[in-house]
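Undergrad: Taking the hints into account, I'd like the entire structure generated from these sequences.
Residue numbers (my numbering), protein chains in the order written: chain A, 6 to 332; chain B, 6 to 332.
Hints in this document: simulated from the structure, not taken from any laboratory. Misleading hints may appear alongside valid ones.
No copy is singled out in the list; a pair is fine if it fits within one copy or between any two copies.
[Stated by the list, open to error] Heads up, simulated DSBU-like pairs for lysine-lysine below, C-alpha to C-alpha not over 30 Å straight-line:
#	residue 1	residue 2
1	K245	K267
2	K302	K112
3	K59	K147
4	K276	K202
5	K245	K202
6	K302	K64
Computed from a predicted model, the values in this text were never measured in an experiment.
2 protein chains.
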Amino acid sequence: MINIGIFGYGNLGKGVEAAIRQNEDMCLNAVFTRRDPESVNVRTQGLPVYHADKLLTMKDEIDVLILCGGSATDLPEQTPFYAQHFNVVDSFDNHANIPVHFENVNKAALAGGKTALISAGWDPGMFSVNRLYASCIQPEGKNYTFWGRGVSQGHSDAIRRIEGVVDARQYTVPVEDTVETVRRGEQPTLTARQMHKRECFVVAAEGADKVAIETAIKTMPNYFEPYDTTVHFITAEEMKAQHGELPHGGFVIRSGVTGLNKEHKNIIEYKLTLDSNPEFTSSVLVAGARTVYRLNKEGQTGCKTMFDIAPAYYSPLSGDELRHTML
Amino acid sequence: MINIGIFGYGNLGKGVEAAIRQNEDMCLNAVFTRRDPESVNVRTQGLPVYHADKLLTMKDEIDVLILCGGSATDLPEQTPFYAQHFNVVDSFDNHANIPVHFENVNKAALAGGKTALISAGWDPGMFSVNRLYASCIQPEGKNYTFWGRGVSQGHSDAIRRIEGVVDARQYTVPVEDTVETVRRGEQPTLTARQMHKRECFVVAAEGADKVAIETAIKTMPNYFEPYDTTVHFITAEEMKAQHGELPHGGFVIRSGVTGLNKEHKNIIEYKLTLDSNPEFTSSVLVAGARTVYRLNKEGQTGCKTMFDIAPAYYSPLSGDELRHTML
Numbered sequence: 006m007i008n009i010g011i012f013g014y015g016n017l018g019k020g021v022e023a024a025i026r027q028n029e030d031m032c033l034n035a036v037f038t039r040r041d042p043e044s045v046n047v048r049t050q051g052l053p054v055y056h057a058d059k060l061l062t063m064k065d066e067i068d069v070l071i072l073c074g075g076s077a078t079d080l081p082e083q084t085p086f087y088a089q090h091f092n093v094v095d096s097f098d099n100h101a102n103i104p105v106h107f108e109n110v111n112k113a114a115l116a117g118g119k120t121a122l123i124s125a126g127w128d129p130g131m132f133s134v135n136r137l138y139a140s141c142i143q144p145e146g147k148n149y150t151f152w153g154r155g156v157s158q159g160h161s162d163a164i165r166r167i168e169g170v171v172d173a174r175q176y177t178v179p180v181e182d183t184v185e186t187v188r189r190g191e192q193p194t195l196t197a198r199q200m201h202k203r204e205c206f207v208v209a210a211e212g213a214d215k216v217a218i219e220t221a222i223k224t225m226p227n228y229f230e231p232y233d234t235t236v237h238f239i240t241a242e243e244m245k246a247q248h249g250e251l252p253h254g255g256f257v258i259r260s261g262v263t264g265l266n267k268e269h270k271n272i273i274e275y276k277l278t279l280d281s282n283p284e285f286t287s288s289v290l291v292a293g294a295r296t297v298y299r300l301n302k303e304g305q306t307g308c309k310t311m312f313d314i315a316p317a318y319y320s321p322l323s324g325d326e327l328r329h330t331m332l
Numbered sequence: 006m007i008n009i010g011i012f013g014y015g016n017l018g019k020g021v022e023a024a025i026r027q028n029e030d031m032c033l034n035a036v037f038t039r040r041d042p043e044s045v046n047v048r049t050q051g052l053p054v055y056h057a058d059k060l061l062t063m064k065d066e067i068d069v070l071i072l073c074g075g076s077a078t079d080l081p082e083q084t085p086f087y088a089q090h091f092n093v094v095d096s097f098d099n100h101a102n103i104p105v106h107f108e109n110v111n112k113a114a115l116a117g118g119k120t121a122l123i124s125a126g127w128d129p130g131m132f133s134v135n136r137l138y139a140s141c142i143q144p145e146g147k148n149y150t151f152w153g154r155g156v157s158q159g160h161s162d163a164i165r166r167i168e169g170v171v172d173a174r175q176y177t178v179p180v181e182d183t184v185e186t187v188r189r190g191e192q193p194t195l196t197a198r199q200m201h202k203r204e205c206f207v208v209a210a211e212g213a214d215k216v217a218i219e220t221a222i223k224t225m226p227n228y229f230e231p232y233d234t235t236v237h238f239i240t241a242e243e244m245k246a247q248h249g250e251l252p253h254g255g256f257v258i259r260s261g262v263t264g265l266n267k268e269h270k271n272i273i274e275y276k277l278t279l280d281s282n283p284e285f286t287s288s289v290l291v292a293g294a295r296t297v298y299r300l301n302k303e304g305q306t307g308c309k310t311m312f313d314i315a316p317a318y319y320s321p322l323s324g325d326e327l328r329h330t331m332l
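TA: Below is the structure:
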């Protein structure tokens, strides 16, 4: 059995708690939190919740620590710190800062003789893996990544910060005509507006200026201005009833050509349609925990990404079983 | 530069010849054939064609030998034989015999200190890799593999063996309603007939009994009897004009559930739409050649499948470049 610790009990931590039950070779030992442990109500009977301060006293009990904090401020601190003491997995998703994060975690993990997997999830994660495979097996071509239809938490938060907004949910939506063009192998060069549109559902405070809110959203630089954006004002009840879940997904398309005269088009598409974005990410983190456990047993220490790990390491089955059943 | 030899110059060998031009770190040294080398017209100026007998004298000049023979009789002999002398890659696609083939090749490669990759391509190959990843990151769920729309060479050959048939092309076609059911996450149990249908284009000899041919096709056990099959009689000119290419493709779908009460459905789909089935397979073989070259340099000998090879090994880019550009 692989003994898992969860650090941080938000959406991702809850997803990991659920995912571990779907993996028979894993056991959830404890949840660690920076809050008062008494205030954290886990959904697994008898599962201990400890303050983060206790973590370093439990090195012998935890095989892999899954870090479920945010990429903005939590993980840049936590992953390098704990990688010296534990095998760790995180879902660090700030693409531009991945190289720096990698170096920091690598140094710590090598110093401690531990193995770390960073940026596991779907993007970065499975989408990255598919971009890589597709680029290698169709070296002449173009990659396209579309996200949605799904809730973007960052964009929803941005709307909530506007005066007069009580609650908001933003859906990122791929532009269907553009997607079809890419699927036909046309390899267009695309602007942000051509690829995605943004659909916003907003609960306004009583008496708030809805026109001003809509303008504030549509003209917001980076977040909404470069896109075709629609705004729907709804009631708090409608928000709760119709927008309570966190679906997401998207697809990575590689449009390549082969043949002596590049006369053949070949399209590779990897598509996710997720009822639960955080639970899916958590499931990748848990499969990732299996890989770092094994790599560490083999003496392969330091920081890894999903690029560096052979697919078989994610599976509880033996090589022979995999060749018989899945190849 | 990685020096490549091609063994066998059919559709796959020609595809490898073209694919190597799309990979700047590779060089095609020679084509080897069991035919009279004078009778083989390669499409690359100055490329030597040698008889297969010469291969063992060229161990120092070939870094990786790509075996482009058939899975029925060529590869079961050739891959184990040459794996003792060369790093090799093949596309062995007889799923039921993969475990035996693996053992034979593994023994030979270990004895010779060489590295072999077997069953590289799309199915087995990229489809297998996607079945594996998807099964690990959604452990509770069901896999579905659909093939087509595309030409099945085995089924086309089976029709050609019927009396009165001059030429034939068979397309495997996924049943669209079934596909939509699976994409909705319903997880049905499906018969062969529910998943695929078979569309046949046949050139009959003058005066042949078309009714008898159609009956012979539709009642052929295993090949056509378990499927809804349609037969179209066409002229030799129509065959040449409309069915001269070898398109194929298909998709692997994993329908999974997550959440404490398995309340969320998550659908993973990997889809290929290929103008050229053999050229796509060849492109995977060439990327695979890069992996065995590297693994052998690292001292990782023996037989591998795509399950055992980390994605980064397929790429000419460094780990740092990959993290910057694709993660």
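Undergrad: Hints first: check each against the structure and report whether it holds.
TA: These are the hints, each one checked on the structure:
1. K245 <-> K267: For K245 and K267, only the inter-copy Cα distance (21 Å) is at most 30 Å; the intra-copy one is 52 Å.
2. K302 <-> K112: So K302 and K112 pass the 30 Å test inside a copy (19 Å) and across (26 Å) alike.
3. K59 <-> K147: The answer is neither: 49 Å in one copy and 40 Å across copies each exceed 30 Å.
4. K276 <-> K202: both (18 Å within a copy, 24 Å between copies)
5. K245 <-> K202: The answer is within: 23 Å in one copy meets 30 Å, while 45 Å across copies does not.
6. K302 <-> K64: within (15 Å within a copy, 36 Å between copies)
Hint violations for this structure: number 3 only, all remaining hints satisfied.
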